[in-house]
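Chain order of the listed sequences is A and B.
End of the first sequence sits at 272 in my numbering; the numbers just go up one at a time, nothing left out.
End of the second sequence sits at 1205 in my numbering; the numbers just go up one at a time, nothing left out.
If you're looking for bench data, these hints aren't it; they were derived computationally from the structure.
Since the structure is predicted, the reported quantities are computational estimates derived from the model, not experimental observations.
Please note: incorrect hints may appear among the correct ones.
[Said to hold, decoys possible] Dumping the calculated BS3-like pairs for lysine-lysine here, alpha-carbon to alpha-carbon at most 27 Å:
(1) B:Lys-363 x B:Lys-348
(2) A:Lys-171 x B:Lys-247
(3) B:Lys-1121 x A:Lys-62
(4) A:Lys-159 x B:Lys-363
(5) A:Lys-146 x B:Lys-348
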Amino acid sequence: MVKAILYDGSRCIGCRACQVACKRWNELDAEKTSLSQTWTNPPDLSANTWNIIKISHLGKDSSFKMCFTTYRCMHCLEPVCVKVCPPRAIVKDPETGAVVIHSERCVGCLLCVEACPFKIPKFGRGVGTRKCTLCFDRLKIGLKPACVQSCPTEALKFGDREAIVEEAKRRAAEVKGYLYGVEEAGGTGVIMILTAPPEELGLPVVAKKVYEVPEVIPIKTAAAMIQPSLSPESLRMIAAGGLAIIGLGIVAAVAVRRRGKAKEVKEEET
Amino acid sequence: MPEVVLSRRGFLKTCSLTTLMLAFPAITPSIEAQPIIEKAKLYRWGRKIPSTCIYCAGGCGVLSTVVDDAIIEIEGDPDHPINEGALCSKAAAYIQLVNNDRRLLTPMKRTNPRKGVDEDPGWVPITWEEAFKIIAEKVKSALENFPYKHTDKDGVTHYYRVGKDSPVGWLGSAYFNNEECYLIKKGCSILGTLNVEHQARKCHASTVVALANTFGFGAMTNHIVDAKNSKVFLIMSNVAESHVLEFRWVNRARERGAKIIVLDPRYHRSASKADIYVRYRSGAEAAIFLGLIRYLLYEKLERVDWRFVEDRTNMPYDLDGNRLDDWRTNPNSIFSKLKEMVAKYTPEEVERISGIAKDQFIEVAETFTSLKPGNIYYAMGTTQHTNAVQAIRAQAILQLLLGNMGVPGGGVNALRGISNVQGSTDMNVLSHVIMGYRVPPRNIDDVRRYQKWKNTKPNERGGVDGGKTYPWKDISEAEAQGKADTFRWDDRMFPTWNALEYHWGIYVGTWPGIDPDNEPVICDLPLGTGNAIVQLFRAVRDGKIKALFIFGENPVVSMPNANLVKEALSREGLFTVVCDLFETETAHFADIVLPGTCRVEREGSVTNTGRWIQWQWKARDPPIMKYKGEVMDEFKIIVELFRVLRREGVFKLPSEFYESESDVDVKRVIGGVEVQNNPDECWPSRFGSNPESVFREIAYKHGALKVGNAILPQAAANVIYRDGYDPDPKYQYINGVLPKRRDRTPEDVDDAKYGYFKNWAYSWMTNQRILYNLNEKTPYNKFFTWWAHNPKKWLGFDKAAVWSAPLYDTTKPAHDPRRYGFPLHNEPLESPDPDLARDYPTIWDHSIINDIVWFDITTGKIMKGSKEVIGEGKFPYVLTTFRLTEHMQTGVLTRNLPWLAELQPEMFIEISVELANELGVKTGDFVLVKTARNTSGIRVKALVTERIKPIKVNGRIIHEVAMPWHWGFKGLVTGSSANDVTIDAVDVSANIPEYKVCLCSIEKVR
């Protein structure tokens, strides 16, 4: 049963426990930051920052209000990053719905970075492109995502997507809030209830339909030439074959050099 | 074309290489079969050790995962009733405090004799042995000429020390466990000093005085989880940022329809969740609450809980203690007098003083008085003022009138700050109390009466058979002689002195005890009261304190008018020892620095703001240098410190001096057992030398400690914690230490419904979860206690003091609330409005501190003390300070952690858009903030925001500005310290500084 995270901006108090818990569990480095007008820090996601709370100051005088939203991988139901990744490093786990980048496969081509409608994956030198994993490893041992466990005011919840969407709709009606993530990109695994329109809180406007690769990537790059139907096995065969050819080439070159040297010696001797 | 020659060997090599390459894909793992990564594996198999959080006083459970000797994860404890596995951003980063390469690992000695912000101390690592040796030498020379005997006018020489005169001072710490705090107080007391203070003085000293004098106990009346039972909240603090997990329970109440009212000069993260947010001017708190009381008594009298008022407060009595049947109308009743006192705080007047628009104020008053139970949360916004005691009393009186006391969901909920500040306060690491909120003898007459009291039951109390006994058998006998006051005082103090005599191995009394009125007084407890913190640093500056210990505290950043502290700590000849986790701003001025440890690296009990005493288990050894092969931590440091001081002959008890000078053997006999004055045998405790043994001493069960053939009248050294240790066999599994209980089972139907969690840990007193709650089945403190009385007449238990006798003094001037015994509004010392300053003069006792530098708005002059004019100036803006979720106090435990520094990297000052336009300032510009005390000012980045707005006070626009105070010059991220400019004027009843209001000027700079 596909899982989802519920984020309730009407309960969130912007404490950023979710940010710290994520860094702690995934052992991510802190970033050098500077004073932020609304205290949102770091200002954006990165290879070392997989979720942030965006704090917004809306209105003025007596209509002033502080609103919060989370910003993180949406674990789309039909993720375009999975479709576009050449080495097939990004996988959607059928059991939980987690969309996970397997770093050892990532070649840093940045296609997922360009393709993601929410602008989530971020490249980091030396570590590749990274993002929230839905705490895939914690889920496997029966725990909730680190951010969900840590949230003091239960603004973050985790469960079956169906139940989460139902709860979100009920709660959004109760607090006269805005929904985000139910239909965006054809439906995601992060359902948000927000206290202001999503675009006012810094969330990207995303069409409520499934994103396909050709729509997103207008330029034909070498990687885009690779047919999406190639399976991992065939990719391996190709890689293996290529290596074998290179190997044979090296052996041949070495043999040629030796032969050349032997000829030299022979020539010197005579 | 070259010949390609392939030998047989070459051919074989090629084949194998090719095969290997072709086989490559088969031997690399496929993506689908990805194993669980290392962290999750280790986490699953590691040991889980519970403790509670080091940061705020919420008392959330944390769980450390230990693999070998490493802590690989610290997360919320899912079993804990308060946080249920959740943790705020600070606690979520806790592991980065524990595993931090900036931590101090060894003791260090200063080699540069000059001290100052710009002086490099020249630290050199030393061993523990060397550190203790130097400390012993310096304290010994500091204590030379400290008198241990005094001859009176009749020529009798008494042996005692005056606590305030001791040249040794101690600061800290609310971060230490109860056992460590207890030993600090014990050690300092037998060393003879009452110049002992810590963070509590600066945060909730006013709470203790106000609530103790109204209800009997000076702590949060309800507890954290109880918020879920409230129907309306009046929040005067910033709960969502300073006590984050408390907001979890506020939220739960909200889901059940509760309303949230937030009052604050700034719009903060708590305000973002309020149903009603109201801005007001800092310093108007008392006026607001008196206005709410007036609204209730003049507009909505039907909402007063008459039965509660009649049964459980002193409002039906007159000031002489006579009950009046017609008290609701009789002008002499305390009720009528209260009504008279609040008459002038109309909504119009409240608007004039506080800036709250009249209709907004009425909305607040309506909402809060119409929903029950109502809950008031407050913290520094109300406690850190010169009139704090009165403002808090006004809050308490409002709740008494509404019947919101002693009920689930109600209460006057003082949110304590640091994780064990409630415990350290209970252990009385303060200058005016000795243990269990009792006080040491004030003078030799107190000791004389005490000896007579001991003689009344010599077998139990160690008095002398046949000696003169205590004059009154009970309260009515004392009342008949007009001495009810004295009897009540003695009845409170003497049992604790008696317990301390036993547990501390000291002597308090006259010798030999037969004729207490004429014999010499021998008193090993220091007499009187010591210097409270603001006075203490003046004593350091003036050379009266020669040796200063600062353990787990950072006064260079936390004290108001901090430049005075830096000046004091730089004084030549002062010897300072600092113990902390990092090189702090205060350590920068020290002579010796000792490495501290994290709470997960040692054991002990900690008391949260809700009075829950919880045990901390040890997850791993601290990484600091060992001492004689033994692991060191704060507990062991304190034990060894005083042991070394005694061993090196650095100090002796007055009774020991008396023995050597008079050739007698000072001893008592209790229950047939000789009890000598032998502090060394009682150090750290008669029961043993680990934290559990010390807890046993602190909290021994009443009536269970047998000495010889007697049962000690008060077995617990700290009567507030009594029964926390229970020797009953059913508690053997936890060694009798009730704070170790981790049982969520409710005790009864009420417990299940309201969330008392009576089987989880232990609460004081006697496991009472909601103070004054008559429905809880505990033996003792369900009742409002003895403070509710008149000096001449004892009204009995369970009368809360709306009019408070101890805070009544007719010699005080007309504007002083103490003249009446009821709260009034008074302006802060640096009031922003000259009319208000004249209409509501500040309560200020010049004799407490006579050199405060302040700006007088009525004259435009900078003053020193009450009379001396030292300059002129313009300080047009009201300056207040605040806290952020992500940082803790002076930043020692947060600005050294990368994940928290990332969230809040820089110091800033919040300025309204309107003021910014006037000053020509935008976010990111630097400004210079100056006050009367600091005319060179501090350089701070401006944050122009809608969170702050101008307020209309007394018809004029006032600009208020606000700074967080977490920054200093040491740490991963550094910045200016807000307290370099704040004011050190204090509340006359509690000695707490007026951090929250002063006047400043702001100018744009490069």
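Task: Hint consistency between Lys-1121 (chain B) and Lys-62 (chain A) [alpha-carbon to alpha-carbon, up to 27 Å] - done: holds, 17 Å
Task: Hint consistency between Lys-159 (chain A) and Lys-363 (chain B) [alpha-carbon to alpha-carbon, up to 27 Å] - done: violated, 56 Å
- [ ] For the pair we were handed, Lys-146 (chain A) and Lys-348 (chain B), check the Cα-Cα distance against 27 Å.
- [x] Violated. Lys-146 (chain A) to Lys-348 (chain B) sits at ~66 Å, over the 27 Å cutoff.
TODO: For the pair supplied as a hint, Lys-363 (chain B) and Lys-348 (chain B), confirm whether the alpha-carbon distance does not exceed 27 Å.
DONE: holds, 15 Å
Task: 27 Å Cα cutoff - pair Lys-171 (chain A), Lys-247 (chain B) - done: violated, 38 Å
Of the numbered hints given earlier, the model fails hints 2, 4, 5; all others are met.
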